[in-house]
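> Chain by chain, the residues run as shown.
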Amino acid sequence: MKLKILIILLLPLFFSACSSLVLEPADFGWPVESVITVDENGNAREKQYILSFNAKQLFIEETGDSLSFMDKDLRVIRNVKGYYFITADNFKNVYVFNADNGALKLNNKIAVSDTLGIDDPAFNQRPPYIELIYSGKKINLTHEGIAEKEEEEDK
Amino acid sequence: MKKHFLFLLSPAFIFFFFGILLHAQSDYKIVQDFKAKYQEIRQSIEDADSIEQLSEMQVQIEDFRNESFANKGLLDKSLYPEDFNSSIENLRNALTLRKGDFTQITVLKTQVSELRLQVDELNAKNTELINRVQLLDDQSKKDREKIAQLETSIAQLKASLRERDNLVMTMLDSLMPASYRVKEELTAAEKQKVYSEAQKANIISNVQKAINDNIRFLEITTLKPDDIEEIRRQERDFAKIWKNVGPKIIEIYSEKNQNVNYLKEIDLAFNRWNAAITQEAWNSVDEEFKTRGINLAKFSNGNEFAKSISDYVDDELKNKEVKGEEESENSYKTLADTIWFGNVKQTWVPFLVENNMLSDSQKDSIEVKLAEWKDEVSPGGFNWIYIIIAVLIIILLYLLTRKRSSEKNRSGTQ
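Just so you know, the sequences run in chain order A and B.
Every letter in the first sequence is one number past the one before it in this note's numbering, and letter 23, counting from 1, is 23.
Add 1000 to a position in the second sequence, counting from 1, and you land on the number used in this note's numbering.
Note that these hints are calculated values from the structure, not bench results.
Hints may be right or wrong, so weigh each one.
[What the hints assert, rightly or not] On the chain B side, residues computed to face chain A include the following (Cβ under 8 Å):
#	residue
1	ALA1024
2	ASP1027
3	TYR1028
4	VAL1031
5	SER1078
6	LYS1125
7	THR1127
[To be verified] Between beta-carbon pairs, the in silico distance windows are:
#	chain 1	residue 1	chain 2	residue 2	range
8	B	ASP1033	A	SER52	24 to 30 Å
9	A	LYS81	B	GLU1056	17 to 23 Å
10	B	GLU1056	A	LEU106	50 to 56 Å
11	A	ASP39	B	GLU1056	27 to 33 Å
Everything numeric in this text was worked out from a predicted model, so none of it was measured.
C-beta: ideal position from N, C-alpha, C; glycine also.
Excised from the complex, chain B in its bound form (with noise of 0.2 Å):
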């Protein structure tokens, strides 16, 4: 019976015990135990490399407020400027934003390997379609029928490396989501999803190849104003997502010991693109000189487009004697009435002007050079057109003088 007795009495001596030591807790660690746990979320949250982590996330934190709030009263006071709620809710708050970024991610990967699958198909028929192009270019200078063909391939080829540029461009946008972009320092996990997915997406690679695609592209080609305009805004677009994307990436890439010099070629690839962009402009206004006969030394820049210019009318004017006087104003004809008033003036000098490739004192340069020339082929142009009109006036000056005689001569008689 007493054995009974004190079994009966045991859970409620312990519960008595543990009563008096849970009374006797200090205040003061209560709210140091609520700002230990609550900081513990807070970082969890933050290390969640899951979106089934921030679900386990969202009961610690309901249980956590529910153990919590026999201590609300406390709590609302020693947590200045907080208070109990408000601590609650900023960690359901912050498990709320770490969920959107998780599912920011997921859409992001899907739309990575969607993207990937269209660009290795799109650099299979890129490549496809620079051969052709580069074979039908060969032809077209034997064949003029292939002219046709020659330009609709390179239509397509150019829609076809826009279409790939841009899903190159989305992919490396999908692989640094804002969230990620606005850290200083992003986290292991997130830099494994990063590398993992720049992995998959074999992201360097195709940034490489869409580089040498482009400049492949402008070295087989010859282009007008607006199509060179339309590629560097493509360039720079590009370029711009680069730069915003791929420091991180090196540095990723850098943490897990790979080429890191490969990575840096990228930026170095950009300004080949660039100056390709460049020289295939200058290209293509040789071309403009070529097609009519007129063989330009080479030139990269305006200093050496306007010297350019002015060496082949030296020339042509020292043989000025060997040629002829027709032949040399048939050449006058060609370069400065044909090809450049007729063409290169009005398509591209505005171009070439507006990108800071020609400077207005270089044009000049050209047309004072061009205005010496025609001087030399037709000297006397100039003085009849002056012998027509000295003609002219004194014809009219003759026929005024003898209609004012004639009147006087009419008013002596009456």
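Extracted from the complex, chain A is given alone in its bound form (with noise of 0.2 Å):
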């Protein structure tokens, strides 16, 4: 029994050791989206926050075609909480990746429109959201999905 109030007493103390130091708050988000241009290899980058990746499998996940990312330009854009959003001319979804371990690693898939791709798609960056305008449509983006349809609610 003693044996047991020493281990639940020592229990705290071990877990707060264990615990990760955090820096907060931290804002991860861009000001305003970057329109990178994907090479002849796949390769996009992105020069004013340097960041770098291949989107050939991003493109072959939403179009199934290989050589559908050649010339086509990437809309991109990272919200206050670190996720990147990226979607392009054309696109039914917008994507949602998070960064590890060197990689873009996708954490959603945002169904945007179900039959034809979207035109002109641009972000902004309106804390907490993603917004996103194609065609005079605009919607409101969190990492989860679509957190509101500005467009309906004026109507």
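Could you fit the two chains together into a complex? Lean on the hints.
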């Protein structure tokens, strides 16, 4: 019994020693999206925030075509929590990634349009959301999905 | 009623519709549009051809600022390392700097026009003076009274040439303002401005005339080292300014299909001027000998000068028997004592050595030759001195021994 009491008393001390250092609050948000042209090898390089990745798999996922990335522009923005939102002209989805051990790992795939791809998409930073506009419409996104459709509210 | 209602509703609808569109604008596009407009204004400032165009740019900058102010927060975050205010300030500063260029150019244009008139007047005056000096130079050989008149005219001509050269230099300097010189490539408008000003000022012809007049002046006058030094300085200053401005003017003229060779001739003319200055120094040295009846073979450099004197001395030695001892000695005294030691060595040799026209070894070789000549024309000169000294020493010794012997004799008797 005494041993149990001792273990219970020492447990908080044990867990507090194991917890990692946290700096908060932190803001990872880019004030403006970046428009990145994919090169002939599928590489996308963002110069201002110094981000580069290979986008081939993203285009295969979206279109099923392994060559559809050629000379395409990607719209990329990072929200305040650090998630990357990526889409492109004629995409039906917005892809949400997080940085993971030297790679961008898919966190969520947000379906924006069920039938046709979206025209002239653009992201705006609107904390706590990422605003997606296309063809005069706009929706607010979080890394979990569509937060609200303002256009519908306006109507 | 229904119609009226629709009429009243339509502006509200339009406002609402565009409100949505405006609201749905991409931040990225706002930033890119701002950057594009910024670059456009900046380029327009660079390309402006007149101060009036710059005044219009000032209005454009203020409009641009007012239009973009609504997005200041976004632009502040996106224009790193600049921000909204610093971008606008950059445009204003660029405008102020460019206005400064135009103000400077306007001042210089007026200056060039004024200088052109003065140069024209001085050109005419100099031509007249050159002719007058030439005439007086011929007359003074027969009529010594004309010498004073000649000297006055030469002084006037020298001052007048100097004045005109300075004006042409200022004009050259004014054609290419400092802001143009630092640029690697002038704009088409700037080139046109330089070209038309250069044409109006008749600059190429004036530079060439200035050089030719200076060469002519050197040809018709005999100068002193100080005068030549002054002209050499003037030539160096002139050549330096031409070097700074000339290549750009040549480039502009060649683009306008002008005769480029004519322009390149100016470079050669500077070389001729420089050579004429050197030759003038040698001619003036020669004149020192000629005026005292010594005709040396023509010389244009230190080596030739030393050889010329050496040859003259050799000739004199060869003709010693024919001329007779007295005349040979007189000839030596004129060349060595009067001209060389009495004048040229003091007046000209320091100038010639300083300007690398005569080396120390060449000077020494002349003096060795003169010493040889002296030994030949008055071989007894040295021996007499030794004899006199020897006689004096003997007399002194004799007096001393005599004094000692008389002292001994006196002590012996005591």
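> Confirm or reject each hint.
Going through the hints against the structure:
1. The closest approach between the C-beta of ALA1024 (chain B) and any C-beta of chain A is roughly 5 Å, which is under the 8 Å cut-off, so the hint is satisfied.
2. Of the supplied interface hints, the one on ASP1027 (chain B) holds, with its beta-carbon coming within about 5 Å of a beta-carbon of chain A, less than 8 Å.
3. Below 8 Å, beta-carbon pairs count as interface contacts, and TYR1028 (chain B) has one with chain A at about 5 Å; its hint therefore holds.
4. Using the Cβ-Cβ criterion of 8 Å, the hint placing VAL1031 (chain B) at the interface with chain A is satisfied: the shortest such distance is roughly 5 Å.
5. Satisfaction of the interface hint for SER1078 (chain B) is found here, the shortest Cβ-Cβ separation to chain A being roughly 5 Å, below the 8 Å cut-off.
6. Contact between LYS1125 (chain B) and chain A, as hinted, is not supported at the beta carbon level, the nearest pair being about 67 Å apart and thus beyond 8 Å.
7. Checking THR1127 (chain B) against chain A: minimum C-beta separation of about 67 Å lies over 8 Å; hint violated.
8. Here the CB-CB span from ASP1033 (chain B) to SER52 (chain A) is close to 27 Å, well matched to the stated 24 to 30 Å.
9. Our hint of 17 to 23 Å for LYS81 (chain A) and GLU1056 (chain B) is violated, since their Cβ atoms are close to 48 Å apart.
10. One distance hint, 50 to 56 Å for the beta-carbon pair GLU1056 (chain B) and LEU106 (chain A), holds here, with the actual separation near 53 Å.
11. Remark: the range hint 27 to 33 Å for ASP39 (chain A) to GLU1056 (chain B) is contradicted by a beta-carbon distance near 42 Å.
Of the numbered hints given earlier, the model fails hints 6, 7, 9, 11; all others are met.
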